[in-house]
Structures are given as structure tokens and as C-alpha cells.
Amino acid sequence: MSGAEPFEQRTLSAGIVGDAFKQVTRKVPSGEPPPWPTNAELNVVGKDVPRMDALDKVTGRARYTFDVQLPGMLYARTLNSTVPHARIKSIDTSRAEQYPGVRAVHVLERLLMAAELRDPGDEAKEPYPVVRFTGQPIAAVAAISARAAEAALALIKVDYEVLPHVSELADAMQSDAPPVFPGPTEQRATAGGGGAAKGLPQKGNLRGPSTGGSRGEIARGFKEADVVVEGEYRTQVQTHTPLEPHGLVADWRDDELTLYASTQHVMSVRDEAAEIFKLPKEKIHAISDYTGGGFGAKYGVGNYGTLAIHLSRKAGAPVRLVLDRREEHVSVGNRPASLQRLKIGAKRDGSLTAIELHSFGTGGVAAGAGVGMCHHSMYPCPNVSIEHYDVFTNAGPCAAFRGPGQTQGIFAFEQAIDALADRLGIDPIDMRNKIDTRDADDVRARAAERRIGAEKMDWSRRRPPGSDAGPVKRGIGMAQSMWPYIVNSYTTCEIRVAGDGTVDAFCGTQDIGTGTRTVFAQVVAEELGLEAEDIRVHVGDSRFPPGPPSGGSRVTSSLTPAARNAAHAMARDIAERVAPLLNAKAEDLVFRNGHIQLRDDSKTSLGFFESLRRAGVERLTHRADRRDDYEGYARKAGELHISPHAIGGVQFAEVCVDTQTGAVKVERVVAVHDCGRPINPKLVESQILGGVVQGVSYALYEDRRLDAATGVQLNANIDQYKIVGSRETPRIDVHLIELLGGQSSTDARGVAEPANVATAAAIANAFFNATGKRIYTLPMTPANVLAALRSE
Amino acid sequence: MRTFEWVDAKSVDEAAALLATTSASRPVIAKAGGMDLLDLMKEGIVQPARVVNLKSIRSLGDVRLDKSSMQLGALVTLAQIEKHAGIQSHYRALAEAAAHAATPQVRNAATIGGNLLQRPRCWYFRNEHFHSIAEADRSENQYHAIFDNQQTVMVHASTLATPLIAYDASVHLPHGKGSARAVALKDFLLPPSMQRDRDTAIEDGEILMHVSVPPIQPNTRCAYHKQTERDSYDWPICDVAVVLQMDGDIVASAKIVLGWVAPTPRRAVESENVLAGRRLDEHSAVEAATAAVRGATPLAKNAYKVPILETVIKRTILAAR
Amino acid sequence: MSVATHHPLGGEGLGTFGPEPQPLSLLINGEVRTALADPATTLVEFLRDALGLTGTKIGCDRGACSACTVWLDGEVAASCMTLAFDARERSITTIEGLSRDGELHPVQRAFIEHDALQCGFCTPGMVMSCAHLVNKNPECSLDDVKTAISGHLCRCGTYPNIFKATLAAAAASKGKAK
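Residue numbers (our numbering), protein chains in the order written: chain B, 2 to 793; chain F, 67 to 387; chain G, 5 to 182.
In short, the hints are calculated from the structure, not lab data. Honestly, I wouldn't trust all of these hints.
[Stated by the list, open to error] When the alpha-carbon atoms are kept at most 20 Å apart in a straight line, the in silico EDC-like pairs for lysine to aspartate or glutamate are as follows:
#1 B/LYS683 - G/GLU117
#2 F/LYS149 - G/ASP147
#3 F/LYS121 - G/GLU93
#4 F/LYS149 - G/ASP148
#5 F/LYS76 - G/GLU93
#6 F/LYS367 - B/GLU187
#7 G/LYS140 - F/GLU148
Kindly produce the complete structure, drawing on both the sequences and the hints.
Below, the structure written as C-alpha cells:
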């Protein structure tokens with residue numbers, strides 16, 4: 002649609018503020034607001050405005066889905082499979098239905114999240130979905146109390162015909178492994194991403210290869226290489242473990258369905274429910290005031306939500322179904338494990354000649370276990386060969402997880418680059434200076450970030466690997482981030498101004514803790530010359546104009562230009578109405594400090610609210626869509642538009658390794674990042690802190706453990722599934738650059754994922770610098786560390 | 067968690083009498099802080115018909131410390147032990163063990179009685195699913211025993227037991243009116259088992275009333291260390307308590323106890339023998355540590371615990387003061 | 005955080021209860037609150053489900069994430085691992101009772117100022133532990149803060165800002181006391 006829009010040539014200032022700033026020419030759609038100056042010259046945007054919902058959160062008043070209590074609400078619990086692979090011959094729910102307090106029982110007809118057979122064949126005749134992992138949801142009970150529901154579950158009788166199963170990636174790859182699926186499969190994507198390329202071959206449990214990014218002639222590339230490094234990297238399964246588990250409260254009355262969901266995308270909750278229950282979308286109202294963490298796993302209604310809706314319909318009452326901690330670990334997503342055989346060739350000067358990757362990933366019963374795009378897209382290299390296979394296992398399905406694929410990929414790739422540098426005797430930073438040369442914003446950002454980070458980390462003190470003589474060894478390392486700059490085109494903001502001076506801003510996105518409410522308010526306030534707190538922000542409701550999913554680091558990049566454009570239109574509208582009162586031309590009026598005033602004469606001024614009253618404004622409404630980026634996109638997939646420019650980031654880590662106990666301590670991380678124009682630096686810093694902390698956690702501790710004989714997750718809790726706590730949190734120094742790309746009316750980009758993807762690699766490279774040994778296996782537990790130190 | 071009948075016991079005798087009525091069809095279980103019991107009930111591993119609340123017996127909550135010995139009532143909390151100045155100065159290894167157990171919230175509620183009587187933290191044990199499956203199949207054994215692991219690979223969970231055994235503690239068990247027995251803690255703890263409903267020598271109708279610890283001799287040095295994957299809050303890879311009787315800088319005698327490496331806390335007699343009569347230094351500590359792990363029989367996934375234990379023994383010996 | 009020396013519910017009440025639900029009275033945020041509970045009801049279930057005090061969260065339900073932290077007689081407790089009947093004769097303070105007469109606790113103010121929260125689900129529990137620390141020990145060090153929240157899980161990774169906020173609140177309340 003944007004292709005037909007009229008446009009004009011504009012000259013804009015672009016680049017890194019305080020570093021390389023230049024004039025560029027862009028094709029800008031007509032009617033775009035004038036470009037904003039740098040943050041230093043703005044009043045609200047670029048400032049550390051306190052998080053708007055912080056008061057509700059520190060007082061316990063914030064109402065999460067977990068806290069929704071409706072009159073007559075029933076509590077539901079799920080019955081899950083006790084075996085890893087089976088046909089269900091029969092299910093008898095009659096005793097559960099008669100249990101005191103039970104109001105409804107429902108057996109799941111179709112399993113979401115898992116891969117689906119291309120040709121359902123014989124399985125289409127099965128009375129129930131085939132069980133493919135221990136903990137797979139089968140049925141649910143709604144009762145007047147959670148205790149009654151729990152007791153009734155025990156009365157449901159499931160008759161299994163147990164089939165052979167396989168739990169681990171290495172076993173599932175064998176040609177004689179029990180097949181998880183009887184034939185080829187397809188994997189649907191969620192609103193948060195994921196999914197897998199269609200139509201790939203499948204042999205046994207191996208689906209693939211996918212070869213995207215391959216080019217040139219790999220053999221020639223290695224022939225031209227002066228040095229070659231090779232390694233086999235392994236990463237573990239990580240579970241999202243949001244502190245608020247997945248959950249839904251469904252309230253089906255007459256022909257209208259209200260859903261309170263802990264979600265990263267209210268629209269996807271509505272849409273999936275509409276599809277499953279064959280309801281028009283307008284009959285469904287999805288609400289999410291607060292979501293207690295998601296990290297990629299909370300999209301759609303899911304199996305639990307489907308069950309809750311069925312139960313609500315059957316019982317004629319609202320039903321709350323919130324997973325317990327075990328179910329949360331097992332059945333609603335995880336970061337897939339990977340095995341990456343990576344070989345890279347380079348010339349003596351560091352330039353890359355060949356990159357060869359054979360990788361395998363297992364997302365359990367779901368496909369889409371890739372290892373990201375870094376191997377083929379981060380650094381120029383003429384010869385690239387990629388072969389990736391998804392490997393099915395009888396384990397819970399994977400889901401997008403903060404930097405999906407890329408986090409696993411960069412752990413291997415940035416270590417391999419570090420190994421190359423070591424072999425060539427080139428400093429790791431100089432190595433990146435040599436090879437990180439594409440013509441894109443992320444490349445230019447990383448160049449600046451390397452300089453800043455090196456200074457903050459005092460990189461010049463870095464010693465040769467394994468320099469410490471004693472058993473406790475210290476070292477520093479660095480690794481680079483890359484994540485696509487994504488725009489969700491289907492984004493609309495609406496601003497309403499009422500005569501009493503209230504300003505309301507609406508968008509059907511949601512604030513899952515990233516600060517979306519706050520940045521939305523800041524952008525609107527900037528245009529209207531108000532403070533952020535003057536704007537009443539409304540998000541988390543499917544009845545609002547369409548908004549982006551809170552995933553893929555795309556909310557701020559998608560939302561803020563639409564918000565600014567709507568607010569700008571509002572300001573111009575008000576200016577037209579107020580101009581006669583000030584005997585001025587509308588185009589000479591500006592909005593500043595709660596006033597509307599002449600650009601060159603602040604004395605000719607009227608208060609914002611006073612202006613509305615005197616202009617006789619009752620209610621004004623303006624809407625704006627997210628327009629395309631001024632330079633367009635490299636790729637579009639539905640509403641997901643990907644810029645030719647990516648988001649960068651460079652992280653440095655300092656570690657201490659006790660070579661006798663295998664204990665690794667990350668003492669310090671320096672994280673230097675870019676996110677276009679930072680709308681609220683404080684909130685961006687919080688995102689980066691979170692990315693680093695989760696990265697440390699992934700690198701050192703987290704590891705889902707399945708019992709091979711039963712497929713049971715042994716550590717489906719918080720004490721044995723180990724996550725960074727207060728004492729493992731390193732000192733983290735965040736430095737943010739302001740990069741104006743000249744791409745949209747706010748030039749904002751995301752940061753959640755770039756802040757996470759490089760941390761494990763930076764720690765691993767620091768581990769090498771400390772010990773002189775590479776750590777190829779995550780997590781860096783004492784067992785894995787001692788094994789790495791013993792290796793040749 | 068299923069509901070149950072709750073009885074507030076007003077005396078040890080009343081509690082003992084109530085507990086004596088337990089049967090397979092109508093289990094009666096004692097509750098102090100409730101930390102372990104709630105966990106077991108929530109996992110569906112224990113389903114009591116009746117819970118006897120011991121916290122209503124006020125007399126069990128005191129620390130008595132004098133020149134002749136120390137007596138810890140069964141309801142003394144880990145927080146009390148951690149913060150007690152007398153325990154910190156006389157029984158440092160115990161205070162350290164208490165300070166490093168669980169979370170501040172749990173330490174405020176968990177009692178020493180419950181700590182000693184708790185069931186194993188083995189992730190097979192803590193999952194109802196495995197209570198009907200043979201123990202031989204426990205393949206994820208990275209946190210399990212590296213000694214004496216033929217009968218069971220599970221380890222006793224109490225970290226307070228590690229220093230308490232090094233201090234020669236015993237437990238006092240009244241049963242019925244007026245009669246009682248004292249059992250050395252090292253004999254009281256039994257190898258964990260899924261077939262029994264307890265991992266100690268306590269009998270039906272007995273109450274763990276208090277723990278007594280003999281007086282510390284002059285010239286005693288002690289230390290405790292719990293080695294974990296995480297510092298914030300974690301179960302041990304191993305923990306080590308060292309109590310040394312010194313004669314100048316010569317070790318007259320040593321008590322070294324290793325937790326989480328055998329089904330019950332293990333006396334490192336080999337290390338104790340190495341140290342006796344030796345000057346306390348890096349050499350003797352290394353030798354003692356090596357002697358301790360010589361007999362280790364690690365499982366498929368826990369061989370890494372052996373060198374870690376060896377290091378922790380050495381470091382804890384050297385840290386004794 | 006004043007601890008009631010004279011408990012309004014007195015010392016009566018020992019006896020035999022359950023297994024059926026029956027009225028249970030607890031002293032919560034200075035008020036006696038009564039609702040039905042059976043002996044297996046945890047304190048957090050009583051607060052949330054029986055009384056609608058949903059500020060206190062459940063993260064793991066096993067005492068391992070401390071999202072459910074409340075104060076019992078002024079000391080931090082995991083309300084998911086506390087049976088409601090064990091809270092008889094004790095004074096319970098929840099997040100709803102932390103701010104007095106609409107005035108935020110200094111730790112709550114500092115959490116806002118230092119952005120010591122993201123999704124916010126762990127926040128009420130974190131605030132209870134940090135407020136307890138600051139009340140007891142305004143001289144607290146970074147290490148003390150780390151210890152105070154060593155049993156808490158923040159999955160969003162806000163720890164560095166929680167450290168900053170708590171130390172700032174301690175410094176502020178120390179200044180006030182002087």
C-alpha cells in the first residue's frame with residue numbers, strides 16, 4: 002500500500018550522535034512529521050521518565066491474569082500425560098465429572114504448538130491426539146476450588162498404548178531411533194516467530210536440511226584459507242520460566258467470549274481463539290493488563306487456554322486455568338538444544354574465506370530449532386555452506402526465546418571468530434575491525450561500540466590466554482551482537498483529546514514489562530508539549546487499534562512512529578483551531594511546556610487545556626498507521642518487515658575460573674548497545690541489564706534435565722532448574738549510543754534481544770582467555786568446566 | 067495438597083501419644099516448621115490423615131549453651147542458629163552451615179529437628195512418578211553419591227548434620243511417659259530409601275526433642291564449607307566440616323565429615339588418620355584430601371564430584387581456625 | 005513493622021481442626037480477618053483466594069523463588085510454605101499493608117526511582133524483603149542486600165537496579181533518622 006503513497010525527497014541528519022553524523026537523502030512519504038533533532042534537544046523523549054506502571058507494581062495493585070478473580074469463577078487444573086509416547090486408547094472422565102464441586106471436564110481434541118503431520122494418515126483416525134511427550138496436556142477439570150479440581154483429575158482414567166520413545170538429541174539422530182512422528186511434518190509459526198520452512202524433507206527424526214544463506218563454493222573457500230578452525234559446540238535446553246506462569250481466565254457468556262490472558266500479544270489470543278472456536282473476531286475480547294514475563298513463549302491461547310475456553314462454555318461460568326511451575330517448564334516452550342559443527346577458514350590478514358556449518362537442533366515435538374542467521378549474515382564471506390536439521394525428540398515443544406536461534410548460533414560463531422583471531426595472533430577486537438564491514442547501521446554501531454567497550458573494560462590489560470599461574474584464573478573476552486531491526490507494519494495508534502484536557506492514547510499492543518506504556522506516553526507528550534504523566538495510555542486490549550506483538554524487539558520500532566504521527570496530526574489539528582485565538586498562523590505554533598505558543602515568541606502563548614476550552618474542542622481523534630521505513634525493507638514476511646539495517650551491540654565479560662572446583666564466576670560485563678533513538682534511556686538500560694543477566698544464566702546454570710527412561714523433567718522447579726540469583730549477578734556497565742538512522746519519524750529500534758544474544762559467547766571467550774581452554778558445551782557447570790579443562 | 071486433620075500438641079508426651087497412633091491407612095505425621103512436609107505433601111509423596119503440630123510446644127524452641135554442652139531444642143530455627151553469638155563463636159561450623167542453608171525466608175521457619183528428619187532432595191525421590199520405578203534406573207545421577215552407592219545412590223539432605231556429626235552430636239528421643247533414648251547422630255541417620263517413610267532411626271511414637279552437642283575443648287579449630295553451583299541458594303555438590311584438636315600447630319586429632327557424597331554424612335577417617343600428629347599445612351591438607359577420595363566409586367555422571375570434594379576438603383582443613 | 009506485643013487473637017485457639025474448612029481468624033495488616041480455611045490451606049492461598057489480597061504472588065509454590073514473601077511478626081516468610089493455621093497468633097504484613105496512610109515505604113519509592121522492576125511479578129516479594137532489610141539495618145551493605153534477596157528470583161534480571169534502589173532507600177532512611 003505504501004508503494005502508491007506520494008513521497009518527497011528529504012535531507013536528514015543520520016549517524017551516531019557525537020560520533021559520525023552526516024546528511025543523507027531519503028524518500029519520505031508525504032505528510033511525515035519533520036525529523037526530530039537529537040535527544041538532547043527534545044523535552045520528554047530521550048529522558049529517564051519513570052516507568053508509568055511502577056507504582057501499581059511496587060504496591061501489589063497491578064492485576065495480572067494470575068490475580069483475576071471474577072464472581073463465580075471456577076478453578077481448572079490440567080491432566081498431563083505420564084508417558085513420553087503413546088496412543089490413547091480410551092479416556093474415562095465419568096468419575097471426575099461426579100466428584101463434588103466439579104462443574105466441567107474437557108478432553109483436548111487437538112494439540113497446539115507441536116509439529117503437525119503433513120499427511121495425517123492413520124493418525125487422523127485416532128480418537129485423541131497421540132501423546133509425544135511426558136507432560137503433554139490431555140484434559141482439564143473445572144471445579145469450585147483448585148483442590149477439588151486436583152482431586153478430580155486423579156479420577157480420570159487414561160488407557161495408553163505405550164510406544165517407544167527417545168529423549169536426547171544424540172539418540173534421536175540415529176537411524177534406528179524410534180520415530181517421534183510417523184511421517185513428514187510442518188510447523189506453524191506463532192505471532193512471536195518460530196515455525197519452520199515448509200516442505201523440507203524428513204527422514205526419521207531429522208527434518209531438513211535447510212540451507213538458507215549458503216553461497217559460493219565451500220571447498221574453494223577452504224583451499225584459499227591460510228588457517229582453519231573447527232569445533233563442535235553444544236547448547237542445552239533452556240526453559241523460559243516466566244515468574245507468572247502461562248494462564249488464561251475465560252468467560253464465555255451467551256455469544257461473547259472475554260479472555261484475560263498472560264500474553265505477549267492480545268491480538269494473537271483473540272485470533273487463535275476465533276480460529277479454534279469458529280467465532281467472529283469481534284465477539285472475542287482479549288485483555289492483558291500485566292504479564293509476568295514471557296520472553297517469547299506467550300502467544301496465542303495455547304492448549305491451556307483452549308481447555309479453559311471449553312470449560313467455561315460447558316460450565317457457563319468463568320474459568321481460571323493457570324499452569325503450575327512443573328507444567329510451565331514442561332509444556333509451553335523452551336529454547337531448543339543445539340549441536341553445531343562449525344568450520345571457518347581465513348586468510349592470514351583475518352579475512353574470511355569459508356564458513357561451513359552442520360547443525361542440529363531439537364525443539365522436542367516442535368520444529369524450528371535453528372541456530373540463527375549470524376553464521377551467514379554477520380560478516381562478509383564469499384563461501385558459505387549451511388546445513389541445518391531439526392531433530393524431533395519426545396520432549397516438550399520449543400518456542401521463540403529471546404534471540405531465538407541467534408543466541409545458540411552466536412555462542413558458537415563468536416567463539417570460532419575468537420579462535421581464529423587467536424590462531425592468527427590478531428587481537429579479537431582488531432579481528433572484528435577487519436571482518437565486520439558490511440554497509441549497514443549495525444556495522445557502524447559495533448565499530449563505535451568496540452571502541453567504547455574496550456575503553457570501559459580497559460581491554461589493553463588483556464593478557465595471553467591462561468596467564469594466571471595459580472588454580473584461580475581470570476580473563477576477559479568480547480563478543481558481538483546482531484539482531485534484525487524488525488517493524489510490525491500492522492500497527493495503528495489512536496490519540497484522543499477531550500475538551501477537559503485529557504489525552505488518551507490507544508494501541509492494541511501490550512506492556513509486558515519492557516516499558517511500552519511509558520515510551521508511548523513520552524512520544525505523544527513530546528508532540529503535544531506535555532509531560533508523559535499527562536497522557537493516559539491504553540494498551541493490552543484486543544478492541545484497541547492493532548498493535549505489535551511484544552517479541553522480536555519490535556514494539557518500540559513499530560509503535561512509536563505511528564504514535565508520533567497520530568500525535569503530530571493531533572497537534573496540527575489543534576494548532577489550526579487555536580491559531581485564530583492567538584492571531585497567528587497554525588504553522589507558526591509550537592507545543593511546549595504545556596503551552597501552545599508562537600515559535601519565535603514564547604510570550605504569545607496559551608495553556609494547552611485553556612486553548613482547548615477556548616477553541617471549543619469537545620473531542621478530537623487522530624489515528625496513524627506505521628508507515629514503511631524511508632529506505633524500505635530487505636524482506637517482508639506478512640506483517641513482519643525486516644530492515645536491511647540490523648541492530649548491533651558488543652559485550653565484554655570478565656570471568657574468574659576456579660580450575661580445581663570448576664566454578665566460573667562472571668565478575669563484570671560491559672554491554673555497549675544501540676537501539677536507534679533511545680526513547681527512554683533508563684528503560685533501555687533495564688532491558689540490557691535483563692538481557693545480560695539472562696545471558697549469564699544461560700551460559701552458566703540453566704539446563705533442563707530429562708530422565709531418559711521416562712521423559713520426565715527432573716528439575717521442573719525453581720531450586721534445581723538453576724537461574725541467576727542476586728549473588729551470581731555481575732557488575733554490569735551499560736553504555737548506550739544514540740543512532741539516528743533516518744528511517745522513521747522516531748528512528749527508534751528495539752534492544753531486548755541484542756542485549757541477550759552475545760553474553761554467553763563473551764563469557765566463553767573470557768573463559769578461554771582465563772584458562773587457555775575453549776568451552777564448547779553449555780552450561781558452564783563444574784562438570785562441564787572440569788571436562789573442558791582436562792581436554793586436549 | 068489434600069486436606070487433613072490438624073492437632074496442636076500441648077506437650078511432648080501428648081505429641082508422642084498422637085504419633086503412636088499412626089498406621090498405613092491413617093498416617094499421622096509430626097510438623098514443626100513444615101518446610102519439608104509441605105514440599106512432600108504438595109508433590110503427593112506424603113498424604114497424612116492427621117498432622118500433629120509440634121510448634122505449639124513452647125519448650126522446644128530454646129538454645130541452651132553452657133560450659134558443659136549445648137542443647138538445641140527441636141524447634142530451634144536455622145535462623146536462630148545462624149545468628150546465635152555463642153554458636154558463632156563456639157560452634158562456628160554449625161553456624162556457617164545454618165547460614166548457608168536454603169533461603170532467609172526458609173531459615174526463619176525451618177527447624178533443626180525438621181532439618182535432620184528431612185527426606186532426600188534427590189530429584190527422583192521428589193517426584194511421585196518414580197516412587198513405583200526401580201532405583202537402578204536413575205541415570206541422571208550428577209548430584210548423587212560417590213561413596214557407598216551400591217544400595218542407594220541417594221544422599222541425605224541435611225547440611226546441618228555434616229558439622230553436627232563432626233561435633234559428635236546426639237539426638238534425644240523421648241517416647242511414652244518418662245522414657246527416652248539418646249542416639250549418636252551418625253547412627254541416627256540412615257541411607258535414604260523410597261521403601262521406608264523415614265531416613266532415620268526414629269520410631270513411631272518417638273519425638274526428636276533436642277540435639278545435644280558436647281562442649282568444645284580449648285585449642286579446637288573448625289571450619290565448614292558448602293560447595294555449590296550457585297551461591298545465592300543451592301543444594302550442595304558436597305559439604306565438608308572439619309573439627310581439629312590442636313596441640314600448638316600440630317593436629318592432635320581430627321574429625322572430618324563429608325556431606326552429600328554418600329547416603330549418609332561420611333566420616334573421612336582416612337583424612338583424619340593422615341592429619342593426626344602432623345603439622346597443619348598445605349602438604350598435610352593435600353595428603354589428607356587425597357586419602358579421603360581414594361575409595362570413591364563415582365557413577366556415570368558424577369565423577370566430577372571427586373576432584374571437587376578433594377579440593378574442598380583441602381581448603382576446609384586449611385580454613386580451620 | 006511494629007510487632008504486636010499483645011496479639012488481639014490472644015492465646016486461645018489451640019485444638020483440633022479440619023479436615024473440613026472452618027473459620028480461621030488471622031491478624032493481617034493490623035486487622036483481624038476471618039475466612040474459611042481447611043488445615044492444608046497455605047497462607048498465600050488464604051490471603052489471595054479467601055481474602056482477595058492478590059498483591060502477594062506465587063511463583064514456584066515451593067519456597068524457592070520468594071515471590072510470596074510476607075512478614076510474620078516482622079520477619080520475612082515464604083507464605084507458600086506456611087500453613088495458614090501456623091500463622092495464628094502472629095502478626096502478618098503483606099505488600100498491601102506496607103505503605104502507611106498512602107505514604108509509600110522508602111524502598112517502594114526507590115524501586116520506582118531506580119527502575120528496579122520490569123514485569124513486576126516478583127516485585128511485591130522483593131519489596132517486602134528489601135524493606136525488611138532497610139528497616140532492620142539502614143547501614144546495610146551491597147552484600148547485605150544480596151543476602152536479603154538471595155532466595156528471590158527475578159527472571160527479568162533487574163537485580164542491579166534492586167541493589168541500587170535498596171541501598172539508596174537505606175541511605176535515605178539513615179539520613180532521616182539522624
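Problem - Non-conforming hints, listed in increasing numerical order - result: Checked against the structure, the only hint that fails is number 6, while the rest are satisfied.
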